[in-house]
Amino acid sequence: MHPILSNRARLVLYLAAWLPLAGLLASLLVLQIRTSWPQALLIAGPLTLLYSFICLPSWYLCRVFPAGVTSQARLLAAQLIAALFSGLVWSACGIPWARILAHVSGNPDYIEEYRAAIPLFFAMGTVTYVAVAFVHYLLIAWQERAESERRVLELAVMAREAELKALKMQLAPHFLFNSLNSISALTASSPKAAREMCLLLGSFLRKSLAFGAKAHITLAEEISLVSDFLAVERVRFGPRLVLAFNVQEEAGRCLLPPLLLQPLLENAVTHGVAQMLEGGTVSLEARLNGSRVTVIVTNPYDPDSQPSKSTGLGVQNVRGRLETAFGAEARLEIQREGGLFTVRMSFPAVTDR
Amino acid sequence: MSLTLKAVIVDDEEPARLLLREYLTAHPDVEIVAECANGFEAVKAVGEMKPDLMFLDIQMPKLNGFEVLELLDPAPFVVFVTAYDEYALRAFEVHALDYLLKPFGQDRFDEALTRVRERLEKGSVPSFAPLLKDAAAQRKWLDRVLIKDGSKVHVIPVDKIDYVEAQDDYVCFRSAGKEYLKAQSMNDLESLLDPARFIRIHRGYILNVERMARIELYAKDSRVVILQDGKQLPVSRTGYQRLRAMFGGEV
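Those sequence lines, one after another, are chains A and B. Okay, so the first sequence: first residue is 1 according to my numbering, each after it adds one. Okay, so the second sequence: first residue is 1 according to my numbering, each after it adds one.
Rather than coming from a laboratory, the hints here were simulated on the basis of the structure. Treat the hints with care, as some may be off.
Said to hold, decoys possible - Output of the computed footprint for chain A on chain B, the stretches with three or more beta carbons under 8 angstroms from beta carbons of chain A:
id : segment
1  : 12–25
2  : 97–109
3  : 143–155
What the hints assert, rightly or not - Below are the EDC-like pairs computed for lysine to aspartate or glutamate, each with C-alpha atoms no more than 16 angstroms apart in a straight line:
id : chain 1 : residue 1 : chain 2 : residue 2
4  : B       : 231       : B       : 216
5  : B       : 160       : A       : 302
6  : B       : 6         : B       : 29
7  : B       : 152       : B       : 67
8  : B       : 160       : A       : 304
9  : B       : 62        : A       : 304
10 : B       : 182       : B       : 149
11 : B       : 6         : B       : 121
12 : B       : 62        : A       : 278
13 : B       : 62        : A       : 302
Even glycine gets a Cβ: it sits at the ideal position worked out from N, Cα and C.
Pulled out of the complex, with its shape left as it was, chain A reads as follows (with noise of 0.2 angstroms):
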């Protein structure tokens, strides 16, 4: 769509602009041709508002030759034809006008004059035609700015509101009751084991404020929220939750979003080994392989209940966090095979320096 069309008052500012330019013209004509004030302003009024809508469609042409993309040679000669177009055109669409003039007024001196200002008229139209693709390329960087900008705030909005859901998650109040429960067990049987839980679920808690407050952590920092998590399931679950850690130390060192394979884990168990009567393995992977990072997280789930909508509905937050972080550069595949529930994600290898 026109910039310039589609918006009436950017029109009629544009129109505003070539009123200047008929007072030239039309004083351009008084000096040089000794045209009469009322002949020049009858010959150079309509012709420029006519130009000034034989030049809207440079607009186009400015499009096709983007500025900074195009190389300056290919622009310059590009605009130049143009413009030495449009001002032979215009300077001969001058012609017929001056006829009808002529024709109207019984006065054949308006053809004359005009054959004189013919090459005046050919030049400003050159000129000016440049001055309006001049001023195109300013509007069309001005909507790109607004548009990244848009884009950008978009962007932001999104991921402050992935990160948000991520830790509404995290504190899953059943994750929390139900933790409480266990310490308010343990208390009497077996005060350490107590403390023991009171400390884990604090480093927990504090990792996951901390954490979450930043752009991204190393997968290393990821990693000693989730054993802290998992630690406290552990207590929970007992011999039915087996851990198999599996982290390969270059890895470690690779950003990542905040709590991002936190929902996952706590998929893994809620969903996976707390819905097996004998429990399970709950496993984690992470390597690195060549520029891109590889976290692989498996558990087993009871083939017999369907699938929780919650699940998909985690694993779809962490999809949209990745993609937010990596863009197309992003992975995150799961499967259901054979009783195994695997979640296995990919992103670039990007290190602090």
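Given chain A, put chain B in place with the hints provided.
For chain B alone, coordinates are given in the frame of chain A:
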């Protein structure tokens, strides 16, 4: 003088069972006859021990608290125990059932027990039927069938059912060559099964349409369904209309 109560504790988390046991030490008139780590054990224990009272966790593997109740007839007096489950809490309130929210202290536990005694003495034991009905309505169509076989419980996902046959006051589920009897009416069962997957082809039969191989004309105006394993089932006139409505003219 209050009578001694036999109680069963059901929770899949050991610390949670430990806590109930500890709180119960203050009540020597309550005897813990069983501690169960899952729903299957709970069904078995209730069948064998006939307890007066059960502390029942809602979130458990395979069989949740509601499903355990569904399998118990008669059920003992139940005090539900849960950490956080908005749906369950609303249901307990609506049906005036006793529950404990984790974490809970000795005071709250004692209160609940006092209420249980009052209700037991008055003989006003609440019925769980409305609660279970709500829970069933909540999940729309049945996704698995629970069958109690003595002290054993079978869980059959509905997609593993081949067909269901009426047998007097029972329904008989056929799944992978095995038969399971359950006291239920065909009409009740039919209303619980997803009509896009299960069709009442006859007064005495509900068919999992995925198991159907073809329909054959058996005699003039009477048809049979041939299952993928070769088994034949009778089709009534209305049953045939239902099948046609689902598959169009193809059958």
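Inset, instruction - Kindly indicate which numbered hints from before are broken by the structure, ordering the numbers from low to high. - result: Hint check: nothing fails, all pass.
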